[in-house]
Amino acid sequence: MNKKTSLWTKIAPVVVLTGICVVVTAALALTNSKTAPIIADRERSAQDSAKKVVLRAGADFEAVTDLKGLPPAVIEATKAGNGAGYVLTVKGRGYGEFIVMVGVGADSKVAGVKVTTQNETADIGGKLVADGSEFMQNLVGITDPKSVQGVSGATLTSNGMKAAVKAALDAAVILSGGTVEVPVVPAPEGFNADKAAAMIPGATFTEVKGGMKSDAGTIVYGEAQGMESVVRVAVAFDKDGTMLGIYAYTGRETEYVGDTVGEDAKFIDQFKGASDVDKIQAVSGATITSTAVKDAVKAAIANLETVKGAA
Amino acid sequence: MSKFSLVSKGILKENPVLVLVLGTCPTLAMTISVTASIGMGIAATLVLLGSNIFISLLRKIIPDSVRIPAYIVVIAGFVSVVQMLVHAYFPDLYNALGVYLPLIVVNCIILGRAEMFASKNSVVDSALDGLGMGLGFIVTLVVMSTIREVFGAGTFAGYTIPFLSKYTIPILVKAPGGFFVFGLMIALAARFTGTKANTDCESCPGAGGCGMDKKEA
Chain A
9 MNKKTSLWTK IAPVVVLTGI CVVVTAALAL TNSKTAPIIA DRERSAQDSA KKVVLRAGAD
69 FEAVTDLKGL PPAVIEATKA GNGAGYVLTV KGRGYGEFIV MVGVGADSKV AGVKVTTQNE
129 TADIGGKLVA DGSEFMQNLV GITDPKSVQG VSGATLTSNG MKAAVKAALD AAVILSGGTV
189 EVPVVPAPEG FNADKAAAMI PGATFTEVKG GMKSDAGTIV YGEAQGMESV VRVAVAFDKD
249 GTMLGIYAYT GRETEYVGDT VGEDAKFIDQ FKGASDVDKI QAVSGATITS TAVKDAVKAA
309 IANLETVKGA A
Chain B
19 MSKFSLVSKG ILKENPVLVL VLGTCPTLAM TISVTASIGM GIAATLVLLG SNIFISLLRK
79 IIPDSVRIPA YIVVIAGFVS VVQMLVHAYF PDLYNALGVY LPLIVVNCII LGRAEMFASK
139 NSVVDSALDG LGMGLGFIVT LVVMSTIREV FGAGTFAGYT IPFLSKYTIP ILVKAPGGFF
199 VFGLMIALAA RFTGTKANTD CESCPGAGGC GMDKKEA
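Protein sequences, first through last, are from chains A and B. Just so you know, the first sequence maps onto residues 9 to 319 in the working numbering. Just so you know, the second sequence maps onto residues 19 to 235 in the working numbering.
Bound conformation, chain A alone (with noise of 0.2 Å):
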């Protein structure tokens, strides 16, 4: 045994454990340079054949870095370089959330569905959106998700499945240089006239489809779907597009909780000036409410040309 000095024996815990701290860093450093990059490899193949499932016809897909214009819930759009179409990731809310991967072919038919996570009720929705399924399958080939029949019993899940859907095709559309026809996004609860003036002072007003307009800027409707409603919003723009304000009713979502969101001066003023949406910073504790606001005004931004053409 070693003869153990006072001093060791007050240093040797940090010592040991730091020493121990180290070596066991390095093994895991070494083992991370020599595996990360065949797992990168394969989560990539493992994507790209993923793509392949629901376009069967594609190749050499190519990401496409700009999602801007395309309806908020498309996070992730690929395109076949081979021109046989897109494929978007679309984030869904049936009963709980879900992603599902969309193929559209060149023809603006749904070419494959595949939902690759989801949280539905494990017997209702969940067999709903399984592979094969006589819903899924429904799904493929049409232009139009109103004409495919939901399942009773699953509403939530079928409603969200085919809203997916039309997101995904309207991405499509967009994509190949369309435009989307702009659904009516009524105003939101308690915004008139006088909250219209109070966003851009001094403007006169005409109601048209989707929002106001008047020579001073634009205020445009825009709604998502929140934790238990619908969340809808107001947006002004200046003349030149910069983002004034905003007005969002939350008053429908749950109590105590995101019902005040709309109300919270904190949140709200964020959005005064501001050009990037993803960057402002959510109620804490109202996560679902506050993304609905901030997807309802990307929508909102996304319809501001079409409400400014509008009559």
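FYI, nobody ran anything at the bench for these hints, they're computed from the structure. These numbers were taken from a predicted model, which means no experiment stands behind them. Heads up, the beta-carbon is just placed ideally off N, CA and C, and yes, glycines get one too. Be aware that one or more of the hints could be misleading.
In silico lysine-lysine, DSS-like type, Cα no more than 25 Å apart, as pairs [claimed, not checked]:
1. 135(A) / 192(B)
2. 87(A) / 76(A)
3. 135(A) / 184(B)
4. 78(B) / 18(A)
5. 138(B) / 18(A)
6. 99(A) / 135(A)
7. 280(A) / 316(A)
Chain B regions said to be covered by chain A (calculated; three or more residues, Cβ under 8 Å) [said to hold, decoys possible]:
8. 89-99
9. 170-179
Given chain A, work out where chain B should sit, using these hints.
Just chain B, lined up with the frame of chain A:
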């Protein structure tokens, strides 16, 4: 204790799952499938072997006051290395094990053997003990998963069994069934070894630092 008995005790007399009652979470979770059980068993055994050897090598250097953090760093390190290797070279196994692969870090068998054996015995003995415990773990998992998969799902390692697949007992592949089978196996093991399973405070690996002062709640 002879070298052979060091290994063999882990298989029945001191079976980590059925007698020492350690590592019950992965046992209950993985035994719904024979292939997943074998994969988990091998992964856990590799970690156990590595950590026992390493901790035994360092047993005279690690001061008593920091032994638990030191063991955990070593074990977590080994698990992370195994995790990266499995992810890179056995991706199907990686997907099958899912979250239970990183959970090997808190698998009581590993921390338990580090505390109960590797910290007090030679490197060779500790390696043999790790091997024995690992084998016992694998054997238990395979036996239990055979019962649950064959009678619960009518398949064995994914292959459908012609007659049984028509008359399955689905509860066996859910949590309650898992506990039934587990309890029965503990009882059987107690019968064969003539000892009682370790459900008292003294034999828990956390006894050294237990906040309950070694008294049951």
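Against the structure, the hints come out as follows:
1. Restraint check: the Cα-Cα separation between residue 135(A) and residue 192(B) comes to about 19 Å, which is no more than 25 Å; the hinted pair holds.
2. With a C-alpha separation of about 15 Å, the suggested pairing of residue 87(A) with residue 76(A) holds against the 25 Å cut-off.
3. With a C-alpha separation of about 22 Å, the suggested pair residue 135(A) and residue 184(B) falls inside the 25 Å cut-off, and the hint holds.
4. This hinted pair checks out: residue 78(B) and residue 18(A) have alpha carbons roughly 16 Å apart, not beyond 25 Å.
5. A distance of roughly 22 Å separates the Cα atoms of residue 138(B) and residue 18(A); the hinted pair therefore holds under the 25 Å criterion.
6. Proposed proximity of residue 99(A) and residue 135(A) is supported: the alpha carbons are some 19 Å apart, at most 25 Å.
7. The straight-line distance between the Cα atoms of residue 280(A) and residue 316(A) is roughly 20 Å, inside the 25 Å bound, and the hint therefore holds.
8. Counting residues of the stretch 89-99 of chain B whose beta carbon lies closer than 8 Å to any beta carbon of chain A gives 6, which reaches the threshold of three, so the coverage claim holds.
9. Counting residues of the stretch 170-179 of chain B whose CB falls under 8 Å from any CB of chain A gives 0; the rule of at least 3 is not met.
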